Amino acid sequence: MKFKNLGMKIAYLGLFCSLTLILSFIESTMPSFFPIPGIKLGFANIGIIVVLYIFGLPFAILTGIIKSIFIGIFSGNIMSIAYSLSASAASILFMCFFKKIFKNNINIIFVSIIGAQIHNTAQIIAAGFIMHSTAVIVYLPFLLIAAILTGALTGFISSLILSRLKISLN
Amino acid sequence: MKFKKGDAAALIFSLLLIMFSFILVFIYTHSNSGLNYIEIINDKKIVSKIYFTKLSSEKIVEVKTNIGIMKIHIDKNGAYVSETHCNDKLCEKFGKITKPYQSIICLPQKIEITIKNENSKNNRFDTVNR
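If you read the protein sequences in the order shown, they are chains A and B.
No gaps in the numbering here: position 74 of the first sequence is 170 in the working numbering, and each next residue is one more.
No gaps in the numbering here: position 78 of the second sequence is 1293 in the working numbering, and each next residue is one more.
Hints may be right or wrong, so weigh each one.
Cross-link-like lysine to any residue pairs, in silico, SDA-like; alpha carbons within 20 Å at most [claimed, not checked]:
hint	chain 1	residue 1	chain 2	residue 2
1	A	K196	B	L1226
2	A	K199	B	K1217
3	B	K1314	A	Y235
4	B	K1260	B	L1270
5	A	K136	A	I177
6	B	K1217	A	I253
7	A	K199	B	G1221
8	B	K1217	A	I244
9	B	K1314	A	I233
10	B	K1219	A	I205
11	B	K1219	A	Y149
12	B	K1291	B	L1270
13	B	K1220	A	S229
14	B	K1220	A	I197
15	B	K1217	A	I257
16	B	K1219	A	A248
17	A	K196	B	K1217
18	B	K1314	A	S229
19	B	K1331	A	T230
20	B	K1314	A	V232
Okay, the calculated beta carbon distance ranges per label pair [what the hints assert, rightly or not]:
hint	chain 1	residue 1	chain 2	residue 2	range
21	A	F99	B	N1332	57 to 63 Å
22	A	I132	B	N1332	37 to 43 Å
23	A	S176	B	L1239	21 to 27 Å
Since the hints were made in silico from the structure, they are not lab data.
Computed from a prediction, not measured in an experiment: that's the story for all the values here.
Heads up, the beta-carbon is just placed ideally off N, CA and C, and yes, glycines get one too.
Please put together the full structure from these sequences, using the hints given.
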């Protein structure tokens, strides 16, 4: 995707950063649809996928960092920055890896599923380190199975956003 | 939406991840994580320490308290209080404890019966999350 000038690029990047922040803030106020605590839809991933597809890896990482820090400050839970940063970074790297290898041969939905699963795995590993306990690993299979559903949903929504954006930006 | 080559790879990757996590959980739950034992504390002093998992028959421990004698049944699965002389009889009603860090506590008689694990002697909690 090409932009007319730097200003437009910065404006769009800011827009997606705020989209990510607002989505994850709205999500934190919504009640959970799932009986298992810790499972959420992960709407914040929509913004990150869109940034990854339009602007590439460095800006996606930047958005991830901004999202993690600001959500930590918004929610007043500073420890969540550590969980969120590691998870975002890992999931963005894996999504970018799959996107780079298969280029046009992979649907956004599956990239999103990989992102959601890696996000959960990284978060469990971070929780294990922070709590000095390996007991959290029992939680992982449930999270990974749920990640297929939630990842597919966010991937589907981001593919809709991307298809509309490509029309309006070109 | 067409199913593409990369999708199959992503799907295989995610299924492998799920399988791997199940294997990890299997290893975690089946690993020998130290013996469990029952600790009976009477007025802040440890009265007895019983490795109950090796018991072949039921064992009755009698503890002399400030009110009377408390009878604690211990078998290879866990422990429960069968007889006590205080008014509430909360410890009797509590039932059987079977898992680490479960405990029966009687405040009036100052008795505490806890299942503990050898590997985490100094650690009374799995984790504390702030």
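Tested hints:
{"no.": "1", "hint": "A:K196 / B:L1226", "verdict": "holds, 16 Å"}
{"no.": "2", "hint": "A:K199 / B:K1217", "verdict": "holds, 15 Å"}
{"no.": "3", "hint": "B:K1314 / A:Y235", "verdict": "holds, 19 Å"}
{"no.": "4", "hint": "B:K1260 / B:L1270", "verdict": "violated, 24 Å"}
{"no.": "5", "hint": "A:K136 / A:I177", "verdict": "holds, 17 Å"}
{"no.": "6", "hint": "B:K1217 / A:I253", "verdict": "holds, 17 Å"}
{"no.": "7", "hint": "A:K199 / B:G1221", "verdict": "holds, 8 Å"}
{"no.": "8", "hint": "B:K1217 / A:I244", "verdict": "holds, 18 Å"}
{"no.": "9", "hint": "B:K1314 / A:I233", "verdict": "holds, 19 Å"}
{"no.": "10", "hint": "B:K1219 / A:I205", "verdict": "holds, 11 Å"}
{"no.": "11", "hint": "B:K1219 / A:Y149", "verdict": "holds, 18 Å"}
{"no.": "12", "hint": "B:K1291 / B:L1270", "verdict": "holds, 5 Å"}
{"no.": "13", "hint": "B:K1220 / A:S229", "verdict": "violated, 39 Å"}
{"no.": "14", "hint": "B:K1220 / A:I197", "verdict": "holds, 11 Å"}
{"no.": "15", "hint": "B:K1217 / A:I257", "verdict": "holds, 18 Å"}
{"no.": "16", "hint": "B:K1219 / A:A248", "verdict": "holds, 15 Å"}
{"no.": "17", "hint": "A:K196 / B:K1217", "verdict": "holds, 19 Å"}
{"no.": "18", "hint": "B:K1314 / A:S229", "verdict": "holds, 18 Å"}
{"no.": "19", "hint": "B:K1331 / A:T230", "verdict": "holds, 18 Å"}
{"no.": "20", "hint": "B:K1314 / A:V232", "verdict": "holds, 17 Å"}
{"no.": "21", "hint": "A:F99 / B:N1332: 57 to 63 Å", "verdict": "holds, 60 Å"}
{"no.": "22", "hint": "A:I132 / B:N1332: 37 to 43 Å", "verdict": "violated, 26 Å"}
{"no.": "23", "hint": "A:S176 / B:L1239: 21 to 27 Å", "verdict": "holds, 24 Å"}
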